[in-house]
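As numbered in my numbering, residues 1398 to 1855 make up the sequence shown, in order.
Simulated from the structure, these hints should not be mistaken for laboratory data. Everything hinted at is true.
Dumping the calculated DSSO-like pairs for lysine-lysine here, alpha-carbon to alpha-carbon at most 27 angstroms:
1) K1703 x K1498
2) K1699 x K1498
3) K1561 x K1828
4) K1481 x K1703
5) K1599 x K1481
6) K1498 x K1561
7) K1699 x K1481
8) K1498 x K1481
9) K1561 x K1703
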Amino acid sequence: MSGSVSSTSILAWFGLAGAVVIGALDPLGLGPTVAPVAGLVAGTITLFATGAVAEHLTALLFFAFAMVFSIAPADLVFTGFASKAFWLVVSGMVIGLAIHKTGLGARIARALARLFPANYTGLIAGLIFVAMAISFFMPSSMGRIVLLMPIALALADRYGLAEKSLGRSGVALVVGFACFNPPNGILPATVPNMVYVGAVEKIYGVAPLYGEWMLLHFPLLGFGKAILIWLVGCFLFRQSVTIQTETEQSSPLSAEERRLAFILLFALLGWSTDIWHGISPAWIGLVAAVLCLLPGVGVLPKDAFKQINIAPAIYVASILGMGALIADSGLGALLGTAMADILPLAPGAAVQNFFSLALGGGVTSLVSTMPGLPAVMVPLAEPLHVASGLPLQTVLASVVLSYSTTILPYQAPPLVLAIGMTGARLIDATKLVVLVGILSVLIILPLTFAWWRLLGMI
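All chains should be built: construct the whole structure from the sequences, respecting the hints.
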């Protein structure tokens, strides 16, 4: 173990040294405005990726360095605290506490446990199936995580997976991953998809159709990626389970459970129909959280909020602040343009062009994060189309491949939310994301190339 800690520390120190050089000396010629941002981002990513210090401490370091060295104004650095994702994390933790305290989560878990196989692989498969199924009518990844995570953790209890155990961490991370990554194959199911559609429609005057998207992306980015997550999740986190026997008699819903069920039904209806009413899932979640806490209406005691651990919310705020800093400084666009110049694109080299576009966008997402990648890459589709000789539709579709191939956890706010709600270890999340990413490059991308060629897109 000491060797592992030592190697992690060494890697972190090298990364931090490089970040200081980038920010202070500007060897890349980024300019006096962008270089400090690049250095701060590089240092923050290094600490998040290596896990050398706790995530909330890395978050506080990001805020402190940004302000002490005047890298950006306070309203930009702390923009994460005003974001919808931050408040969805807070409301999600309140709702999760309510589901746990009332026993409603355990009741639902008992019902699902009767349907799922009595082993870890069956539990993971069942949870992924549920996450995928609700993606078709519930368009918010964040909402899906807030709804499913307390139930998944109650199921982990039912299967005898103790607090802090590897298997329990796997349940939380797989549910978080399955709620946002495979649903990229379903048009209205994720934020990056909506950003992509909006950018394509605004710049190129076309909008993908639901059925067209399903045919193009769901077989591999949806179903195929779900299979990969299941396989990797079982490989990394599988442990023996002990199904807890039902010693208690089945009882009717308590008054608290009925009130909470009504609150959750309200939230579910709001999340499922946000495409029509336009109210963010964050504000629906916040109202649900307030109802859970409200005296006389809610289901939690007045001191319940003291049980909420604020550290994960600070972590989320730092991730979002870093994303805003990257976008505002122009660092993300700069990297995207550089990738367009560097990529080895040549008319007639279909395989080389396909993988260059998919992987180049994936590298860019390390800086832009997944939700911001379409805004960076879609405007570059025209010059990339000219350079590669591929149809414009194919170049645009490759952007979806890029933001569907997550490389590190911090890139995807829904996964950050899952970590924040459950306290799952960042190192476990990194193992899951990295291994799924590698297998996606080795398996999903080649199969996608063959599928698109069969469809006549390449």
